[in-house]
Amino acid sequence: MGLLAVNRIYAAITALVLAFVVLPLGAVIWVSFFANRILSFPATGYTLDWYARAWQLDSFRNGFITSVETALVAVALSLALGVPASLALVRYRFPGRDAIQTLLLSPMVVPGIVGGAALFMAFIELEILLDVDISGTLPGLFVAHGLIALPWTVRLVTASLVGMSPSYEEAAQSLGAGRLTTFFRVTLPIIKPGIVAAALFSFVISFIDLEKSIFLVGPGRTTLQIALVSYLEWNLDSTVAAVATVQILIIGVLLLVSDRYARLSRAF
Amino acid sequence: MSDVVLQSIVKRYDAMTAVDHVSLTIGEGELVALLGPSGCGKTTTLRMVGGFIPVTEGRILVGGRDLTHLPPNKRNMGFGFQNYALFPHMTIAENVAFGLEMRKLPKAEIAAKVKTALDRVKLSHLAERLPKQLSGGQQQRVALARALVIEPDVLLLDEPLSNLDAQLRHEMKTEIRTLQQQLGITTIFVTHDQDEALSVADRVVLMRNGRIEQQGSPDDLFGRPASRFAAEFMGVTNLLSGELAGVGRFRLASGEEVRVDPAGLSGELSLAVRPERLVLDGAEEDHNALPAVVELATYRGLVIDYRVATASGLALIARRPSPAVGGPAPLKPGQPVRVSWHPNAGTLVAA
Amino acid sequence: MTSSASSGATAPVATTSPPAPSGREGRRLAPAYGLTAPATIFVLVALMGPLALMFRYSLNRFVPGQMMVEALTLDNYARFFADSFYQEVLGTTLWISALSTLLCLVAGFPVAYFLVRQASDKWKGRLLLLIVLPLLMGNAVRTAAWMVILGDKGLFNAVIGAVGLSPVKLMYTPTAVVIGLVSVLLPFMIVTLQSVIEGIDANLESAAQSLGASHLTVLWRVVLPLALPGILAGTMLCFILSMNAYATPVLIGGPSFHMMAPTVYQQVAKAMNWPFGAALAFVLMAVTLVLTTTANVLVQRRYRRWSE
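Going down the list, the protein sequences come from chains B, S and H.
Numbering follows my numbering, in which position 142 of the first sequence is assigned residue number 142; successive positions increment by one, without gaps.
Numbering follows my numbering, in which position 13 of the second sequence is assigned residue number 13; successive positions increment by one, without gaps.
Numbering follows my numbering, in which position 220 of the third sequence is assigned residue number 220; successive positions increment by one, without gaps.
No wet-lab data here; the hints were simulated from the structure.
Please note that the accuracy of each hint is not assured.
So the derived label-pair ranges between C-beta atoms look like this [unchecked claim]: (1) Val-297(H) with Gly-218(B): 39 to 47 Å; (2) Met-108(B) with Lys-122(H): 28 to 36 Å; (3) Asp-305(S) with Gly-163(B): 41 to 49 Å; (4) Met-108(B) with His-170(S): 48 to 56 Å; (5) Gly-218(B) with Met-68(H): 16 to 24 Å; (6) Met-108(B) with Ala-78(H): 25 to 33 Å.
Even for Gly, the Cβ is constructed at its ideal location relative to N, Cα and C.
In isolation and in its complexed conformation, chain B is listed as follows (with noise of 0.2 Å):
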C-alpha cells in the first residue's frame, strides 16, 4: 500500500469522525428554523417563530438567567479559591501539596451524580439542622457549580504558571517588590491569559451542567440544562432546536475566545 493510499484512508476516516461529532449539532441548528408545525422532514418551509415561543417560555427563559447567574457565581467563587491555590501548588514544595493537588481536581473525577446525590442529601440534613432552605436555591447551586468549576481553573491555571518561570517573581523581588506587588504587578500579568481562559472554561463548564445540578433545582429555580431536559422528555419540536441553537452559539463564542487565550484541548 504507498503512502498516499495510507494517508487517503487517514483523511477520510477522520472526515467520518468529524461528521459525525459536528452534523448532529448542525442538524438541531438547520431544525431550529423549520416552518413544520410537528417536527418532520423535510422543511415545509423556514421560520424564526420557535426563538420566539422558546424565549415566552419561562422554564428557558428563567432556566437561562439562572444559569449565566449560577456559572457567574462560579467562575468568581473558582478564580477567587482557585487561583491562590494553584500559586501555592507550583512555586511551594510542601508536605501534604500532592494531597491537596489530588483533593482540589478530585471533583472532576467524582461522577456528576454521585456528587450530586451527596450534595442533596447534605443540604437537606442541613435544611433539617438550620432550618433554612438550601437545596433548590440559588446558594445551594452556588456551591455545586463552584465545585464544578475550580478542578478545571485550578488545572489551567497552575498549567500556566508552570510554564512562567519563576526567575520572573525572583526578578521582581529582588529589585524591591515584596510578594504582593509580585503578584500583582508581576504574576498576574503574565498568566493573563491562562486566567481569562480557566474564567471562559469554567463558565461554560458550569452552564452546561446537568448531573449535580439536577438533584439541586427546585420550583422556579431551574437551569437551563434541566430545562431543556424536563422538556426532552415530553417533546421533541424546533423550540427545543431553538434553544439549543442559542445555546450552541454563545458557547461557540465563548470557546473560541478562550481558545485564543489558551489551547482548549490541553485542558482535558
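With the hints as your guide, set chains S and H onto chain B.
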C-alpha cells in the same frame, strides 16, 4: 558599595547537602567568579546570597550587616538571571523603572535614572520596545541596566552569558567587566565555563560537591591547580598518576621515571602537564624525554592535537600550532616521535 | 538542587524547586498553606463531607413512610446483588460502556494519528478545536441533536425513506444509546491519544519502515506499544464517563432502558430511598474504580519493562 562575607554557610535538602560550610569573603569592588561543574553548589550559593533559597546554617553579611534571614526584596542586591527574566508585559523602560518604583522615587527622578541607565548600556533608543522584540544580547544589557539602576550593594550574576552565541558572549564579557569596574560594584559571577571565569574575575573560586576546592587569582588557578579535579577542570588533559621515587623524581604508573619540581606532597600523586608544554621533537638536554608513536592527529584550526603513546602504553596529548598559523608540518599517525617536557612544566597534584 | 536545574530557564518547574525543607525553614511554608486552605476546605466541605455522609447513609435502613432509620447494616448492598433487576441494570451499564469505549478507541485512533502525523500544524489546531467544541455544547443539546436525527420521523429515517427504504426503529434502542455515547466520548479519546502520539518520536516509525516494516506493522509493533499508556488513559476516561452517563440513557434510551446513573437519581430524588440510592452510588463508584485500577495495573506491568 560593600564587602560580602559568607560565614560557613550550609544548604541541606533532606539527606542531600548542596552547599557544605562555604566561607568566603568578597572584598569591596571585587569581582569573584564561582566556577564549577553543574551540581557543585555554585548557583545554590549565589541564590542564598540573593535570598531566594533559605540558608540552613551559617550567616551572610554585607557591609557588616547580617541579612541571612532577610527576604530578597529587602537586600538591595542586583540579580542577573540566566534567562534575563525581563518582565514580558512591560516595556524596556518600564522594566528598568520597576525597582525604582518599588523604592518610591519621584516620577521625574525615575525617568532621569532610567535614561542614564539605558544610556550606559547604549539602548536608550529601544526604551519603548517590549523585551521579546530585542535580541538576546540586548535583553542581557537591559537586565544589567535594570539590576544596576537601583544602585545595589552587590551585583549577583547567574550564568549571564550562557544563552548568548560565541561572538556576543565575548562582547558581553568585556561589557560586564567594564561596567563593573566603572561602578566599582562588588560582584559575584556564577559560571561553569573556565574561560569566562578567568577573563572577567579578580578572583576565581572553584567549587566541587558543595565545597570550595581552590581559590585564587586567575593565574593561580590556571597555572597551579592544587588538585587533580582542579587540573582537569582547568583544561589540563595530561594527568599521569604515579608516586614519588626520591627527591625530584616521580615514577609513573606505566613504569617510566621522570624528573619533577619538588613539591611538599606525598602519597598517591598525579603529574599534571598541559598539552601545550609537551614538545614532540628536538628535545633539549634537561627535558624529560620518552620515545613514542603518533596515534591520532586532530586538526583544531589554530592548533593540532596529537595523541602519542609510549611502548609502555602511556598515552599523552600534545598540542602544536597548526601550519595555518606558522606551525611545523603536521605529523602522521604511526610516525615515531620523542615526547619531552621541562621538569617545571609539570605540576604535582594529589591524585 | 543542582545549579544547572535551578538556573535553567526552560527547565520545568517541578524539577527547579527543592524537595520539602524542614526545621526552621518551615516558617517560609506558611503562605503555601494559607493560599491552599480556602480551596481545600471548600472541597472537603462541599464534596468529601457529603460523600462520607452518603456512605454512612448507605448503611442505614429504609422504611417506607419514615424515609430513613438509623442502622448499621449492609442490607442495601445485599439487596443490590440479590435483585436481578439491579444486576441487569449494572450489566447493561457495563456492556454499553465497554462497547462504546471500544468503538471510541477504534474510531479515535486513526483520527489522532492523522492529526499528529499528517495534518499541518494550522489544520491540526483547527480540527482539534472542531472536535472539542461539540463536547462543550452540553449533553442536553447534543442529546437533543441525536433525537432529531434518530427519531421515528427523524432525519435518518427521512433520508433512507427518500431512497425507498422502510423506516428503522432507532430511538429507545441500545444502538441509539451507543451512538449517542460514542459521539459524547470520542473527543475525549481523540484528545488523549493525540497528546500521547505527539510524544512518540516520528523517527522511530521511519526507522521501522527503513528496516522493512509495512505501515500496519509499524503501527502494531512500534506505535501501539509506545502509545499504550495513553490508550489506557483514554480508554479509562471514556469508560468512566460512559458508566456515569445520565442524559443519553434517559433521553435516547427511553423510560424502559436502565443504566446506573439515572437509577441513582431515581432512587435518591424520586423514590427518596436514600440508603439504597447511596448504596447504588457507591457500587457504581466501586465497580468503576476496580475495573479501571485493574486495567491500569495490567498495562503498567507491561509498560514498565521498557520504560525503566
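Hints, one by one, checked against the model:
Separation of Val-297(H) from Gly-218(B) is about 44 Å and conforms to the stated range, judged on CB atoms against 39 to 47 Å. In this structure, Met-108(B) and Lys-122(H) meet the distance hint of 28 to 36 Å, their C-beta atoms being roughly 30 Å apart. Distance hint check: the CB atoms of Asp-305(S) and Gly-163(B) are about 44 Å apart, consistent with the given range 41 to 49 Å. Roughly 53 Å separates the CB atoms of Met-108(B) and His-170(S), a value that falls within the hinted 48 to 56 Å.
At roughly 21 Å, the beta-carbon separation of Gly-218(B) and Met-68(H) lies within the given 16 to 24 Å, and the hint holds. Separation of Met-108(B) from Ala-78(H) is about 32 Å and conforms to the stated range, judged on CB atoms against 25 to 33 Å.
When the structure is compared with the earlier hints, no violation turns up for any of them.
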